[in-house]
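Q: Listed here are the chains, written in short residue letters.
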Amino acid sequence: MIDLMRLRAVARKEFLHVIRDPRSLGLAIALPMFLMLTFGYALSLDVDRVGLLVLDRCDTPLSRDFAARFTGSRYFKLVSNIFSYIDIDRAFEQREAMLALSIPPDFERDLGAGRKVTVQILVDGSDANTATIALGYAESVIAGFSGDILLERLRRQGRRPPEMPVEIRPRAWYNPDMESRLFIIPGVMAVVLMIIAGLLTPLSVAREWETGTMEQLISTPVTRTELVLGKLAPYFTIGMLDVVLTLFASRYLFGVPMRGNPALLLSIAAVYLTAGLGLGIMLSIATRNQLLASQAAMVATFLPAMLLSGFISAISQMPDPVQAITRAFPARYFVTILKGIQLKGLGIQALHAEIIILLLFAGFFISLSIILFRKNLE
Amino acid sequence: MSDASTARNTSGQASESGVNGFFRRAERIRRLVIKEFIQIFRDNRMKGVILVLPFIQLFVFSYAMATDVRHVPTAVCDRDGTLQSRELTARFFGSGVFADVGAPRTDSELREILDLGKALVVLRFEPGFGAGIAAGRTMPLQILADGTDSNTAGIALQYANRIIRAFNDDLRRERLRRTAGTLPRAGDVAVESRSWYNPNREAVFYFVPGVVALIVSLVSLMLTGMAIVREKEIGTIEQIMVSPITPFEFIIGKTLPFALICIGEIVLVMSVAVFWFGIPVRGSIVLLFVAAGLYMLTTLGIGLLISTLCETQQQAMMSTFLFFTPAMLLSGFAFPIANMPDVIQALTLINPMRYFLVIIRSIFLKGTGIAVLWPQFTALALIGFTTFFLSSRRFRKTIS
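Residue numbers (the numbering used here), protein chains in the order written: chain A, 1 to 378; chain B, 1 to 400.
Source of the hints: derived by calculation from the structure; they are not laboratory data. The reader is advised that the hints may include incorrect statements.
[Stated by the list, open to error] Going by beta-carbon spacing under 10 Å, a handful of chain A positions derived as facing chain B: (1) D46; (2) S140; (3) A143; (4) T211; (5) M214; (6) V244.
[What the hints assert, rightly or not] With a Cα cut of at most 30 Å, we get these calculated DSBU-like pairs of lysine-lysine: (7) B/K47 with A/K13; (8) B/K232 with B/K47; (9) A/K375 with B/K397; (10) A/K77 with A/K375.
Where is the CB? At the ideal position from N, CA and C, for every residue including glycine.
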C-alpha cells in the first residue's frame with residue numbers, strides 16, 4: 001500500500017522546503033535553543049530582594065533593631081526610609097517597592113511595658129502571588145522577633161523558656177533546593193515540539209492548497225497516506241533533533257538530572273511529536289488556509305502546551321472546568337511524563353496511563369487527517 | 001512634505017497639491033480601508049479569528065496563569081494518631097489552603113502518592129509525636145513537598161509555616177500559663193497587614209490586564225504582516241501599485257483597519273475583564289487608549305517590516321512568532337524582570353511590551369496617571385515612532 005520510494009520523494013521535497021528558508025530553520029532550531037536559554041538563565045519565579053520601605057515613627061534602638069531584621073534578610077532590600085504615608089503611595093505607584101513596614105511611635109515604650117504592639121505592613125497586592133510570598137516572609141521575621149523578646153524576658157526572670165512544641169522539617173523531594181529551574185526546564189521540550197508541530201507543519205500544507213500545488217501532487221501516483229506521512233517525515237526528524245538537543249542542554253547546561261530511562265523518554269517524545277504533527281496537519285487539511293490553520297494551530301497546540309500543561313502554572317490550582325479542559329490536550333500528559341522521568345525517575349509502570357493516552361492521541365489525529373484528506377478530495 | 005512628493009513620483013501622479021489633493025488622498029485611503037474591512041469580514045473564518053480567538057485567549061490565559069494557591073492536594077501520614085497530631089492536621093485542613101487527598105499508611109504508599117502527583121504535600125507524623133509534645137519536648141513534623149512544582153510547593157510551605165507557628169504559639173502560651181500561672185508581660189508584636197490595590201490578593205487582577213496587552217500585540221502584529229504578504233503572494237499588490245494609490249496611502253490603508261480592529265478588541269476584552277472578572281479600571285481610560293495607540297505604532301510597524309522581509313504568509317507567520325515569543329517572555333508578563341540577569345534586564349529596555357504592560361496594569365489597578373507613567377509613555381512613543389518610520393521607509397523602498 002505504501003510505496004517507500006514515493007514516500008521518500010515527498011519527504012525529500014518537504015525537507016528542502018524547510019532547509020531553504022532561514023525562518024523555518026530559525027523556528028526549528030534557534031527558537032527552541034532560545035527558549036531553553038531564557039528559561040534556564042533569565043526567567044525565574046523565585047521571590048527575593050523584595051523592595052521594602054520603612055516608616056519608623058518610633059526611631060529608637062529597639063525599633064531600628066526590629067527594622068534591621070528585615071533589611072538584613074536576603075528576602076528584603078531596603079529601598080528607603082520614609083517619613084509619611086504619601087511616600088508609600090508614590091513608591092508603590094512607581095513600583096520601586098512592594099512592601100512597606102510602619103512602626104508605631106510607641107513601639108519601644110509599649111514593648112518595654114509588656115504591652116502588645118501592632119506594626120502595620122502594607123503590600124502592593126497587584127501581583128498577588130508575589131505579594132503573598134513577601135507577606136509570608138515578613139510574618140516570619142516578626143514572629144521571630146516576638147519569640148526572641150519572650151525568651152529574653154523569661155531568661156531575665158530566671159525561668160527556663162518552654163520548648164518549641166513542633167519543629168517543621170520541610171523536605172522537597174525530587175528537587176531538594178526547590179529551584180524553579182528544575183521545575184521549568186523539563187517542560188520546555190513539550191512547548192518546543194508543539195512549535196514545530198503547530199506552526200511549521202500546518203503552514204506548509206495549507207500553503208500547497210492555497211497556491212494550488214496540492215492538486216498537482218494529487219494528480220501524481222502518490223497516495224493520500226504517502227502524502228500525509230511524507231509531509232510529516234521531515235518535521236518529525238527536526239522535532240526529534242530538538243528532543244535530543246533540549247535533553248542535552250537540560251542535562252549538561254542546566255544540571256537537570258535524568259533519573260529515569262532516557263530511551264523511554266525518547267520513545268514517548270516520538271509519540272507526543274506524532275500526536276502534535278497529526279493535529280497540526282489535520283487542522284491545515286480542514287481549513288486549507290494558512291492564516292486560519294496557523295491561528296487554529298496556535299490555539300490547539302502552542303497555547304495549551306504553554307499554559308494548560310503544568311509547564312509553568314500548576315494544574316491542581318486551576319478552576320475545575322479549566323482542569324477538565326487540560327485533559328483534552330496531549331501536552332499535559334507529556335509534561336507529567338517529562339518531569340516524571342527526569343526528576344522522579346519513574347518508569348513505564350507509573351506512567352502507563354499517560355503513555356496510553358498519548359498513543360491514542362497520535363493514532364487518532366493521524367488517521368483522522370488521512371480520512372479528512374480523502375474526503376476533501378472527493 | 002518630502003514624503004508626499006516622493007510618494008507622488010513613484011506612483012506617477014504629478015498634479016496633486018493643496019486642499020484638493022488632500023481630499024483625494026483621504027478619499028483613496030478611505031476606500032482602501034473599506035476594501036480591507038470588506039476583505040476581512042467577508043471571510044466567516046476570519047471573523048472567527050478576530051472575534052472568537054481573543055476571548056479564548058483571554059479566558060485560557062487568565063484562568064490558567066492566575067493560579068491562587070488555595071487548594072493544595074495534601075496527604076497526611078499519621079503514624080502517631082494522638083490528639084496533638086489530629087489537632088494540627090485539622091488546622092491544616094481548616095486553613096482552606098490544604099485539601100485532603102488521602103492518608104498513606106506505609107512508606108511505599110507515600111512514595112506512590114508523590115510519584116504519581118496525587119498529592120503535592122505530605123505531612124508525616126512519627127509515633128511519639130503527641131506524647132513528646134505533652135512532655136514538653138520539641139517534636140519534628142516532616143513536611144514532604146513535591147519539588148517538581150517548586151512554585152506552588154514554595155507557597156504551600158509558607159502557609160504550612162504560618163499554621164505551625166500559630167500552633168506553637170498557642171501551645172507555649174498555654175504551657176506558660178500552666179507552669180507559672182501568669183504569662184510574663186513580655187510584650188508582643190502583632191502584624192496588621194493590608195494589601196493595596198487588590199485587597200484579597202487575587203491573581204487574576206494581575207494577569208487579566210496583562211492578557212489585554214498580549215492580545216493587542218498578537219492581533220496587530222500578525223494580521224498586518226499577513227494581510228500585506230497575502231497581497232504579495234496572490235499578486236494583487238502589483239495591481240495596487242499600478243493604481244494611483246501611493247505607497248504612503250497603501251501603508252495607512254493597510255494598517256489603519258487593523259489598528260481600528262485592535263481598538264475594538266481592547267473595548268471587548270476590557271468589558272469582559274471588568275464585567276466578568278470584576279477587575280477595576282481605576283485610572284483614565286483615555287490614557288489607556290493613548291498608550292495602546294502608541295504601542296500599536298510599534299506592533300503595526302513590525303508587522304509592516306515583516307511584510308517587507310517575507311514573500312509568503314508562512315514566512316510572515318514564522319517571523320511574527322520569532323519576534324513575539326522573546327518579546328512576551330522578556331516583558332514581565334509572567335516572569336518578573338527584576339529576577340533576570342542584568343544583561344537581559346538591559347535588553348528588556350527596548351521591548352515595547354514591557355512599557356505597555358506597566359502602563360496597562362497601573363491604570364487598571366492603581367489608577368496611576370501620566371505624572372508617574374510619563375517615562376513609560378516616552379519610551380513607547382520613541383520606540384513606536386522609530387519603528388513605524390523606519391519600517392514604512394523600508395516598505396516604500398521595497399515596493400518602488
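Q: Taking the earlier hints as the rules, which of them does this structure contradict?
A: Hints 5, 6, 7, 9 and 10 not satisfied by this model.
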